[in-house]
Amino acid sequence: MLHAIETSGITKKFSEVTAVNNVNISIKQGELFGLLGPNGAGKTTLINMLSTMTVPSSGSARVWGFDVVADASLVRQSIGVVFQDITLDDRLTGRENLDLHGRLYGLGGRIRKQRIEEVLSLVELTDRADSLVKTYSGGMLRRLQIARGLIHRPHVLFLDEPTLGLDPQTRAHIWEYIMTLTKEGVTIVLTTHYLEEADHLCNRVAIIDRGEIVVIDTPKTLKSRLGGDVITLELEDSADIARLYAIYEHDGFATMVSRSSNEISMAVRDGESKIPRVLNLAYNAGISIHSVSLHKPALDDVFLYHTGRAIKDTDNSELQGLMRSRSHSMRR
Amino acid sequence: MPKRAVGVVYAMWLGEMLRFWRSKSRIVGALSTPFTFMLFLGPGLSSGFQFQGGGAVDISFFAPGFITMSVLFASLFAGGSIIWERESGILKEVLIAPVSRFFIALGKAAGGVTIALIQGIMVLIFAGLIGVHYVSGIGVLGGIIIMGLSSIGFIGVGVSLASRIESPEGFQMIMSFLAMPLVLLSGAFFPISDLPVWLKGLVYVNPLTYGVEALRWCLLGNSTIPVSLSIAVITLFAVAMLGIGGNLFGRIKV
Ligand SMILES: Nc1ncnc2c1ncn2[C@@H]1O[C@H](COP(=O)(O)OP(=O)(O)OP(=O)(O)O)[C@@H](O)[C@H]1O
Ligand SMILES: [Mg+2]
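Just so you know, the sequences run in chain order A and B. The working numbering puts the first residue of the first sequence at 783, with every later residue one more than the last. The working numbering puts the first residue of the second sequence at 208, with every later residue one more than the last.
In case anyone wonders, no lab produced these hints; they're calculated from the structure. Worth double-checking, as some hints may not be accurate.
Unchecked claim - The list that follows gives simulated cross-link-like pairs (lysine to aspartate or glutamate, DMTMM-like), each with its CA atoms no further than 20 Å apart:
| # | chain 1 | residue 1 | chain 2 | residue 2 |
| --- | --- | --- | --- | --- |
| 1 | B | LYS460 | A | GLU798 |
| 2 | A | LYS1002 | A | ASP1019 |
| 3 | B | LYS299 | A | ASP872 |
Stated by the list, open to error - Restraint-style ranges between C-beta atoms, simulated for each label pair:
| # | chain 1 | residue 1 | chain 2 | residue 2 | range |
| --- | --- | --- | --- | --- | --- |
| 4 | B | PHE384 | A | SER840 | 38 to 46 Å |
| 5 | A | VAL837 | B | THR243 | 19 to 27 Å |
| 6 | A | VAL837 | B | THR240 | 42 to 50 Å |
| 7 | B | ILE345 | A | GLY920 | 51 to 59 Å |
Ideal placement from N, C-alpha and C gives every residue a C-beta, glycine not left out.
Isolated chain A, as found in the complex (with noise of 0.2 Å):
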């Protein structure tokens, strides 16, 4: 087997929108891939289509060598995945819904018990394991859930926004273990919209938008094609933002210029030298700054490049991901 996942032309359509439009990935065994993209992008359904929970359109998938439609028992068997929504059983306790997952993969008692406490502990839980799922937090629910999709030990692991909604030090703990699983040869794919960390920890990332892969490679090529600094202005008033945006463009002393709704960033060589002459060019055009950094190429630059947005915008996913939840527990 070559690659743990590959793609090939993979399309879904629904009935007004082509969620996920011919995409081609092959992801190396033992890689951890990042899949980054805006709210909509089709992150979920592609997931959903490798994880044979969604049968595509057209074109097709091989994971861990099977078939996602043909061998889709198979593909099931050497999978795991996090689900972006909660889907735990709030009427029974956290320790109870890892156990009738245990069950469900075919986990003997004695390695069942132990892996619970493991992942229980793993994600701070086990003081309130024997609680009803109905009375924890939404961190807690997003941490049981990550522990669940953990306990049956996946050759590959698929994380739809594991770390949404967590405080900063579980998510630190959760991406050390996802490194160990790595370490251990487990192949994983992963939504996230932190990009710092996608940065720090992924192999490789995908910029994936409007259901197309706009761009896949290592997140430090990504960054050092921006060019060596990235300079970012914030305007007095946003309505100038598509003029002096012209200006930057038509100067052509950027390698790329990019906006969101009221920033304008440039990646330049040589970033200290640029900045006169960058301002120069919107006090003549009668624009007024109202601040200038200077950085080296994050992330969260080459997402704004490829997407037109900055990810920020994208993030009242979070909101929407808690309501959800919360309309399922208000419902039973």
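Got chain A sorted already, so can you dock chain B with the ligands onto it with the hints?
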């Protein structure tokens, strides 16, 4: 693999049992209806009916009806629970496990039957305590088997509906439209021997009728419909609904 399948069925069954055990209010709610009816209405109703030929209907006559009714509600509810589980994502989590849907459905159905039997047997015991006389211990055992068969059939009905209906609200509406006529047209609460022809037709196409009649025969030793026919019909009903429900569950999308 067979060992694996047993493990899956057991896991699903265990989940149902744990949830049942946790929802004490549901158990109390489910049992309070038949208990209250039997305590207060049983004696009242029985004085109003007379068999043709003069035999009085006593409270014993109603016991099979109330037992079957509680089995019916528990079964429809157990089958329908998958609609809530689909809504909340629990079903997605189960269906992504590397096990066949057949064993998942089987485990859930086994859980549903167990719950229905627990509730039915509680009503059966209650009826015995307030004076219903059962003909024999063997009869009671046979009755429990009949309850199990009825339960399988109506779990199948619940699963079939839940697989096709999108919203919990829609499901609840259909349930209330379905359950009451089923009970009222089953001969649970009146003798079916002397009904007008049109009503008789409705009663005889209602599968619940045969469940009640077979149970009455087992518990009380008499029935209007021959017991062999009743047993044949509910067995067929159970098998058919199991097939239909299993098939629709197999194609459910989450
Ligand atoms: N079952 C469905 N029916 C119709 N449209 C759908 C369905 N599922 C997803 N879509 C659409 O497909 C597109 C991609 O959705 P998807 O959930 O994959 O995005 P995402 O990248 O995971 O977004 P987010 O960051 O918000 O989780 C969206 O436009 C969404 O509305
Ligand atoms: Mg998503």
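A quick look at each hint next to the structure:
For the hint linking B/LYS460 to A/GLU798, the alpha-carbon distance of about 19 Å falls within 20 Å, and the restraint holds. Taking the CA atoms of A/LYS1002 and A/ASP1019, the gap is near 34 Å; set against the 20 Å cutoff, the hint is violated. About 15 Å separates the Cα atoms of B/LYS299 and A/ASP872, which keeps this hinted pair within 20 Å; it holds. At roughly 42 Å, the beta carbons of B/PHE384 and A/SER840 sit within the given window of 38 to 46 Å.
The given range of 19 to 27 Å is broken by A/VAL837 and B/THR243, whose C-beta atoms sit roughly 50 Å from each other. Between A/VAL837 and B/THR240 the beta carbons are some 44 Å apart, a value that agrees with the proposed interval 42 to 50 Å. At roughly 56 Å, the beta carbons of B/ILE345 and A/GLY920 sit within the given window of 51 to 59 Å.
Checked against the numbered hints above, the structure breaks hints 2 and 5 and satisfies the rest.
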